[in-house]
Each structure stands twice: as C-alpha cells, then as structure tokens.
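If you read the protein sequences in the order shown, they are chains A and B.
Quick note on numbering: the first sequence equals residues 1 to 300 in this note's numbering.
Quick note on numbering: the second sequence equals residues 301 to 600 in this note's numbering.
Some hints here could point you the wrong way.
[Claimed, not checked] Here are the in silico distance ranges between beta carbons for each label pair: (1) A:Val262 to B:Ala389: 44 to 50 Å; (2) B:Gly464 to A:Ala106: 40 to 46 Å; (3) A:Ala107 to B:Val562: 38 to 44 Å; (4) B:Ala389 to A:Leu50: 48 to 54 Å.
[To be verified] Computed footprint of chain B on chain A, listed as stretches where at least three residues anywhere in the stretch have a Cβ under 8 Å from a Cβ of chain B: (5) 40–50; (6) 78–87; (7) 128–137; (8) 243–254.
Rather than coming from a laboratory, the hints here were simulated on the basis of the structure.
Cβ coordinates follow ideal geometry from the N, Cα and C atoms, glycine included.
Below, each chain spelled out in residue letters.
Protein chains: 2
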Amino acid sequence: MLAQLAPTAVTGSQALAFGDDMAPLPSGDSASILAWTTDVLMEGVDFRTLEAGWEAVGRKAMLVNLSDCAAMGGRPVGSLLALTLPRTAAGSDVLKLVRGAAEAGAAHGCPIVGGDTNSWEGGLVVAVTVAARQEAGGRWLARSAAKNGDRVLVSGPLGGSILGRHLEPRPRIELGVALSRLDGVHAAIDISDGLLIDLDRICESSGCGAILDERELQAVIHADAQRLSRSDGRPALDHALADGEDFELLVTADTAEVSRLVELGMQPIGVMQPERGLFLRGAGGGVRGLQAHGWEHPCG
Amino acid sequence: MLAQLAPTAVTGSQALAFGDDMAPLPSGDSASILAWTTDVLMEGVDFRTLEAGWEAVGRKAMLVNLSDCAAMGGRPVGSLLALTLPRTAAGSDVLKLVRGAAEAGAAHGCPIVGGDTNSWEGGLVVAVTVAARQEAGGRWLARSAAKNGDRVLVSGPLGGSILGRHLEPRPRIELGVALSRLDGVHAAIDISDGLLIDLDRICESSGCGAILDERELQAVIHADAQRLSRSDGRPALDHALADGEDFELLVTADTAEVSRLVELGMQPIGVMQPERGLFLRGAGGGVRGLQAHGWEHPCG
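Please work from the sequences and hints to get the whole structure.
Rendered as structure tokens:
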C-alpha cells in the first residue's frame, strides 16, 4: 500500500527505496544522517500477552525496531512508544510493558523520549518508532544494493525461533554499524519473516536472484530448528529457510569482503545471480527452484 | 504512564518536559533542532470509518499530528504512517485512507516517507509519527514556560467541533512558526481535548493557575457552539470551554507581546496567576472556580 505513494526517497547522495527497513528522516538539509522506522505489534498476531507477559511484549516491540536499525547500519538514538490499550488493562501491567520497552531500548542506547497512550474496547496494539543515525564513516545499507556475483551471508543460525527466541530478538546493532563502514558490503536486511522471504525482498529490490548452497546452509541451522524438526517431522533445513523472527542480518557482499565478514562472525550461504528467483544448490551440485514461502506470523 | 519514565529530555539549551506536544529527537549532537510526535487514532474512539469515510480518517490522523507540530512552533518535515487494519478492509478503502493522509501531509510540506502495514481481527488503528524542525530564529514552544501575569490567548473560535470540524483539523503551522520567533510568547499547546483541559495542562506544567475573562471569551465562541447550544440547551460558553478538537493554538505571552499577537489574529481570553486552579471572571467582575472538565473523546 504505502509503496504506491513514493517509490524512492533521497537522502544526501543515497537513494533509499520506500519500504526499506528504515526511511530517511528529512531534516531540511540535503545530507540527512538520520533515518526512522515504525513497527506495530498486535495482540494475537505478534504476541499473546497472557502467555508472554507484559514486560516481554514491551521488550519485543522495542527490539524488533532496533533490529531494523541494525539492518540499515544505523545507531539508534531514541524512540517513541504509542500504546493502544484494552480498557481492562491494569496500570501495573502497562507499567511492566513500558518498563520492558524502556529497558530494552536503554540497553542499546535508545531511550524512549515520548509517545502516546490510549485505551479502547479492542486488543493491545504497541507501536514503536525508532530514529537512528549514521556513524562516522558509515552509510545506510539498503535492500536494493545487491550486485550480481555478491556472496550472501548471514550473521547467525536460523530456524525454530518459535521455541522462545522470537520473544527475545537480539538486534545486531554493533555488527550493522561495522558493516555500514565496509565498502564491499552491498545490501542488508534483518530476517524477520524468514530467510527466503527476506532474501526475496533483497532480490526484488535489487533486480536479481539468488542461489543458496545446501552444504553452507547446514552450518547455519539453529539447534532450535533441529529440535523442532524432531517434534514436527519437518526437515530442520526447512525451518532454517522458512521460519521467521530470527532477527539475524542477511547481507550481500563483494567476494573480496567475505574473509573480513567471516572474521565478524558471518557465514556465507549463497551467491547472487542475474536470473530472478530463489534456488538451492544441493550437496550433489544440482540446482532446484525454491518458493519464498515463509513464516506467516504465528504467535506464542 | 510514559511520564514516569523520564521527567525531562534536554535538547540543546532548552529543556522539554516529557509529555509535551512533541519530544526532542536526539540526533547525536547537543543542539538538535528536530522534534517528533506520534498520535494514535482508533475506530470507535476518534472516528467511525463508516460515517466519516476512509479518506477523512487518514486526513484526520495526519492533521492532528501536524497540529502538535504547530503547538511546538515546528515546521513539519516528514511522517511515518503505521496502519493496523481489520482483515475485512478492502484494498481500495485502505488506499483512500493512505491518500487522505498523504494529501493532508503534502499540503503542509510533510510527505509520508515510510511506515508499516498490518492486518488483524481487531478494529482499525492509525498511528502517524511526524518530525518537525525549528525554523531559523525560532525555538520550541513548551507547555511549561508560562509565567505569572502572562496573558492567555487563543488563535480562533471554540466549541461545537463535533458538528463537523473535528474531522478537519486546520493545523496552525504558519502561526506556530511565527510565534516560535517571538520572545514574548511563553507557553503553547493545541486545543485537542478542550480549552479548560488543555489550559490546565499548561498550568500544571508551569506551576501556576489561570483566570479566564467571560467578556473576552464571548468573542471566541464558535458559531457551531451557538448552534449546538440551541439544540442541546447547554450554554454556548460551556461548549467553548469544554468541547474538544478545535485544534486552535492556546498560548501565554508577556503583556508587551499582546498587540503583535492580536495582529496575528489571536484573541486574549485571560491571564496567568500564581494561585493554582482555573477561574472565570464574570462580566460583573466576580471570580468563580472552574473544573477542568472537558471532552472525553466522543466520536462521529
């Protein structure tokens, strides 16, 4: 919907596509180094307050936004918290939520500096807006900057976050800032909806495709994906490819940059190519097509 | 709730209380000239989509935020739109909402540069975040800056907005910017919840009280308040004092500044005093206490 409004916003010499992890914050001068993002979490879609607890809901609402900052290579500077509360919410529970969000923000240098509180007959809706700035020597990492021949790398193991990690995103801010200073790093995104869906977003905005390497992928299957696989019978690799809410960074980079990225803890899992679509190169060398099927917001 | 987190945020040499119309946007340097605000509007509380129409809902969501900019003396620079949509919402309706918000923003130099779109089983929630900057020679107009002996002035007639104006806020941005350049203007707020409630907010944050002048108030009773009075039998003055959603600016200023403010179209309606509380000086000169009763979000 929103993408129909404005295809591209320009900040300084860098164009950021509408619909990236953050949008440039127009500051009146031409070389804005600020960007902002807003993410809304809803009862029954992104969390169940009764199961997760109010504090965890507040924490998650802040952390998913900070993960967007990380994906852009930005350093978060502050946030706004907008609450739409069920009328039945107890003040003490709401304070827990606010504390959860505030502490998660403060731990990453991102205080809550304002917001809005409302109540209504409906369910809980938590909207967090975060602003971030470029660090000296850094630049924004856009989704649209992937190049043919780039290696695809990921910052950590994937899959099975539903077993608990989905409530505790670890925003990779320091890593994002480090990446924003490396010329060889091109596109970046955080894995919120699943590796395939989010990689497809990079491909879509960059006008290319990707081949994932099954052998390399074996090294980034999370223990939670293995555990889930044992209980639901689905291959652990499927969980790594399609589960969401890992909040690891997915980047594409020049091959010359790969060794430095490996030193930073990133793992290569594939390569960008001119042909559109997502593919998997099996252990035997054969290539098959993949659907960008992925996680559709279960909650727990 | 939020106010318990952080009593005061500091921007440059100016302290802005948490809970003002906007919050300073921390930009990493000490002299930030950016501030931001977020306001959430909910189905059944701030609007009824079926009655108002989707476009009007989008417009209102943007305009109430722009009114907050005006109250701070800021020039809006851009916005984020976060939508939480009922699953039953038609794409064409959602586009109307987005268009309403985008056009209202564009008309005030405030493009939508990003946002978030979600759907759920609940009702429509529209959250807009707006950033604004100080104009050259201007400063933020805080609620907390009222001084004893200040005159209280309002930018236009009040009351009866429920007859239709509540859906069409006119954010007083140019006036706010002009006010932000006048040293004699101290506190400012936009009248969203009603003259008395919003004046009480100035009093509360500034540690003083106010006496309104009944004769002066007669000049700021809106024709809608008169009309409403004829149908509900409540005095038109009550509507002017207690109805909400006029979105006019309410300011306090040094008496030496009053003639300039009158030239700008503002009308004096009272005076600030050291004694706490709100009072009304009747036409005969007698003074009586007022309750900060006011508008509790009816909708239409």
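Tested hints:
1. A:Val262 to B:Ala389: 44 to 50 Å: Since valine 262 of chain A and alanine 389 of chain B have Cβ atoms about 46 Å apart, the given range 44 to 50 Å holds.
2. B:Gly464 to A:Ala106: 40 to 46 Å: Taking Cβ atoms as reference, glycine 464 of chain B and alanine 106 of chain A lie about 44 Å apart, which means the hint holds.
3. A:Ala107 to B:Val562: 38 to 44 Å: This hint is violated: roughly 51 Å between Cβ atoms.
4. B:Ala389 to A:Leu50: 48 to 54 Å: violated, 27 Å
5. 40–50: This one holds; 5 residues, not fewer than the three required, reach chain B with a Cβ under 8 Å.
6. 78–87: With 6 residues close enough to chain B, the hint holds.
7. 128–137: holds (count 3)
8. 243–254: violated (count 0)
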